[in-house]
Structures are given as C-alpha cells and as structure tokens.
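As you go down the protein sequences, you meet chains A and B in turn. The numbering of the first sequence is our numbering, which starts it at 2 and goes up by one. The numbering of the second sequence is our numbering, which starts it at 206 and goes up by one.
By construction, these hints were calculated from the structure, which means they are not laboratory data. All C-beta atoms, glycine included, are put in the ideal place defined by N, C-alpha and C. If a hint is listed, it holds; no wrong ones were tucked in.
On the chain A side, residues computed to face chain B include the following (Cβ under 10 Å): (1) Gln280; (2) Val394; (3) Ser396; (4) Ile397; (5) Arg398; (6) Leu399; (7) Ser401; (8) Arg420; (9) Ala435; (10) Val438; (11) Leu441; (12) Ser442; (13) Gly443; (14) Ala445.
If you anchor each label on the Cβ, the simulated ranges turn out as follows: (15) B:Val259 x A:Ser452: 47 to 57 Å; (16) B:Val222 x A:Asn246: 51 to 61 Å; (17) B:Met206 x A:Leu327: 43 to 53 Å; (18) B:Asp345 x A:Ser452: 19 to 29 Å.
This is what each chain is made of:
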Amino acid sequence: MRSASSQAPALAGTWCRLHPLSPVARIGITLGVVVLVGVPTVSGGAGAPGRLADLIPVAAVAVLGVAASVISWLVTRWRVVGDELQIDTGLVYRQSLRFPLRRVQAVDIVAPLTARLLGLAEVRIVSAGAGHQHGRLAYLSNQDAAAVRAQLLALAHGLAAETPEPPALPLFRVANGRLIAASVLRGAWLVVIAVVVVVAILAAVYPAATGARPGESGAETVASLISGIATGIAALGLDTARSVNGDFDFTIGEAPDGLRLHRGLLQKRHETIPYGRIQAVRVIQPLLWRPFGWARVELDVARQPEGHGQGEARQLAHLLAPVATLDEARWLISRVAPGAPATLTRAGAPPRRAVVRAPLSYHYLSIWHDQRWLVTRTGRLRPATVIVPLEKVQSIRLESGPLLRGLRLANLRVDTAGRRWVAEALCRDEGEAAAMVDRLSGLARRARRLS
Amino acid sequence: MEFRRPSPRMWIARQTVLGVSSLLLMALLGALGALLLGGPGGLAGIAISLALAVATWFVERGRYRSWGYLERDDDLMVRRGLLFHRLTVVPFGRMQFVDVTAGPVDRLFDLATVQLHTAAAATDARIPGLRSADAAQLRDRLAALGEARTSGI
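So that you can see chain A by itself, here it is in the shape it has in the complex (with noise of 0.2 Å):
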C-alpha cells in the first residue's frame, strides 16, 4: 500500500512518477537474454581473456539498456487535471501528451511476464482521433493500475474521481480445451497436411523411379523438404501457441459502465470497453469450425491508424469471444449490441446475375437492416458478418467498376469510426444501391438525433 499512497497524488493533480520497478519491469526480458548469453560465457571460459572480451559488447548493450530505462523512467511524469490525463516524457525530445477524459474510447492494462512477477501492470488509455498517441503508464503497481483504471473511467463517464469501479458480473467465459482446439483448426493446418500427403507420395514414388540412377540427390531432395517443412510447423505451431497464450481463461464481465475483458497466459490483460464506444461487431466463422457451429466475435472501437504502435495496434483488437457456438454468440451480442440480428436470411441476397461477378463469395453476400443496426455479410469459405449500429456512421460509399457496371451493380460500402471493418454489400442492384443509399443516410441521421 506504499505505492499506492504515493500514486494518489497524481490522480489529485500532482506530478508523480512511475512505479521505481518499472525500469527493472521494461528490461527485464532483455537483461534475462543477456545473463543467458553472459553467464555461459563466462564460467566456459574462466581465466581465458579472450572470452571475457567478447563479453564486452554484451555488457555495453545491457548497461546501455539500464541507463535508457532508468532516464527513462526519471524523466517521465502524470497526474491527472480536471478532466484530462498529462504524461510529460522523453529526455532529449520533450513530449507533453493531454489526453482528454472524455474521449477516452478504452482503458485496458497490460501485464507481461515480468511485470507480474514484479507484480507491476501497464495501464493503456486508448483515445479517438488521428495522430493522437496511445496513453501509456508503464508500470504502477497492480492496485494503483486498478485504482487509476477506474478513477478513469469514472472521469471518461463524467462522475466523480471516487466512484469506486462498479462490480462485474460474469457474462462469458471460453473454455481453455475448446480454445485450444479451436486455434489447432486452422485452414494453414490443412495446407501443412496436404504439402506432407504429396512429398510422402512424392517420396514413396521417386526413389523407385529413379532408382537405377545411381547417387543420392533424390534422397538430398526429400531431406530438404523434410526440413522445409518442419520449420513452416513449428512457425505455425508458435503463431497457434501465441493465439492460445492471448487468448487463454478468457472471460468477459458486464459492469454498469461497460465490458470487462480478461485474458492471457502469461501476459495477462485486462481490458475495458465503455458501452456506447463500440463501432462494429463482427461474427467469423472460419471452414473448419464450421462442424463444430464455432464462431469467433470481434469488436472494433474508435482507435487512432493501424500500424502507429507497430504490433501493438493488432494486440488491442477486442475480442468478445475468440470461440463460441452460434447461440453463444448470438447472446452474446445480444448483450453488447440490443436489438441486433446476429443472422440473415437470404432476403437480402443480391440479385441472381451477381453470381457473374462473385462465383465464389454468392452464397454469403448479403445485407438487411432495420430503424439502428446494418447488417451485411461477405465471404467465401468463410462467412463475415458485420453489424454497425446506424447512428456510428461516418459515411457511405457507392461504388462501381466497368464489370459490374455492365452487370448493371454496384457496391456499398458503409465506414464507422472504428478502424477494422467496413460493412460492405456488394453486387447490388444499382437502383436498390441508389435507393439504400438515400434511406440509410436518412436512417443514420435519425439514429444520430436520437442517441
């Protein structure tokens, strides 16, 4: 609770620091590498100076790395004003980051492994708008992480800061088994089995033909593919175990002011979503879940350009279930999203002459929608239905190429805030694109009055 104390003030507006572990906690995985790398070094070759040598540039990097995570950790301050957080950072560029309550979009923390062994935590504040920065308190304390995530929230919400954060009730979780079965099913798999099925017939076939040929180039053959194709299993057996590992004790709770996410194996993650924030839904049922009526739902937020944090933007897609049966689903967006239809029927299949243009994707493609939710679906193996709320629309696009022209069809296309998706029907008729244009505009605009 000593920390804890000290973090207060900042939420009072002082200026305070980070926890004093954090360099420890944001090195800690590189120091790791530089002990496993050093201490064989050392004690394999004890008194000869030429190993201790090569030790240097090892231990260069490591101090380097101290010393920037230490200044690091010196230099950088928050507190939170009125209705804004501040982070003042950076050594030589200084950097003043403002981050105004009120479009805080989420607010998740982040535990690596290190930093729960330290018991530390990263809390994330997630803001809309371009060139806005992630907000990042790297590290406080657990407790503090917890306090500072709901005296957030509670700021996002417009309530006092000592609104304690509201209880979560359970609403879903996923079982590890059915996770881990469902990360295995994957259409790579199925490439990988096939590519082993030819070079093992490919194998069995060619040292008869070429067997009177003598020498062992059809044998070196079949090693290096061998060897080629083990290392594409072990690629997709660590993509497969780093699913499992984000994805793991995934569960979800509904509080009074938003979702509570959940999960991760060593890296654990907690994550919020304020009700109201959420831009698109989106249900993916890939091939080979299909049997077991498994899908996976998604959430998109209003976040800044993929691609700002290099792979951290990828990481902080919402998950609302990373597997789930249909009726899992269809609940479970029933929750997040009242009144929205988790299926289509053909009804809003587009015409007949479309199948010219989609062979492949026609039998999904399809839109419906009603007074506040859109719904459209697209794919080809793998159906992708994407649910936009009206009154989060930020434009609509009619599009059509010569192809579809002749076709006399057109593509629409409605974009929300989020980042991720745009719902998407296409080859539609042109005069039903037209029209929908004009009644979804008009629906959108009554949505957006009266939310």
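The hints should help you fit chain B onto chain A, whose structure is shown.
Using the frame of chain A, we list chain B on its own:
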C-alpha cells in the same frame, strides 16, 4: 438537386498540363526515332506521342466531367470516377475537419482542392478544381454546418 461541377478552369489547367507534357514527349520520341531510324522514325515517334495525347485527352475529359458534388440538407455527396464510379455521402455531423490544398499548377490557375475528413479512414471525399475563393467559401460553410450538427463518435 443537380450535382455541382468543378470550375471549367480545372479543365483548362488539365489541358495545359497535358499539352505541355505531350509537346515534351513529342520532342523526345521524335528525336529518338530520328536518331535511331532516320526521318520516318522521327515521324513515327511524333505520331505515337500524338495518339497518346489524344487518348489521354479523352480520358482526362471523362474524368473531369465525372467530378461532382452536391450539398444536401444534412450531408455532402461527392461523385467521381470515369471507369470506376464512386459516390461518397458524408453527413455534416461527421466531418472532423476540412482541408483546402492547392498545388503549384492549381495556384497558377487560381484553383484549390477541398478535402473532407471524418473519423473513418476509408472516407474519401475530395472536391478538386474549385476557384480558390469558392473553395474557401465551401470550406467555411462546411465547417459551420459540421459545427452545428456535430455528434460524438
């Protein structure tokens, strides 16, 4: 409810750029042909560049004619594209900011481009070839409308 069109000056500007670059290309191809193949080669080079210029002229004219914008009660419609038609509808309440830009050629002809930005990255609403005074006026009008009708993300 007629779509408004960019200024005819835009077409003059486009034609001027096309004419100048065609003349340069003609000189280049003519000289190259003459050097490599003699007199007939030079003529062929000039003929090729002329054909290119004519084809480009038609494409540019189609493009110029395809541009249009319409201010409605609550939204702005922008139309464009010769081969690939595009129609974008942006509600005034969704406009985050409006840009006016003018490149060197545009400035020569007193033209400017008005660009609308929303919170969605995919929104592509751009109106080129407006007289700079008109562009400034449109920008102010749009900004005022956006202010009046703005709503939260």
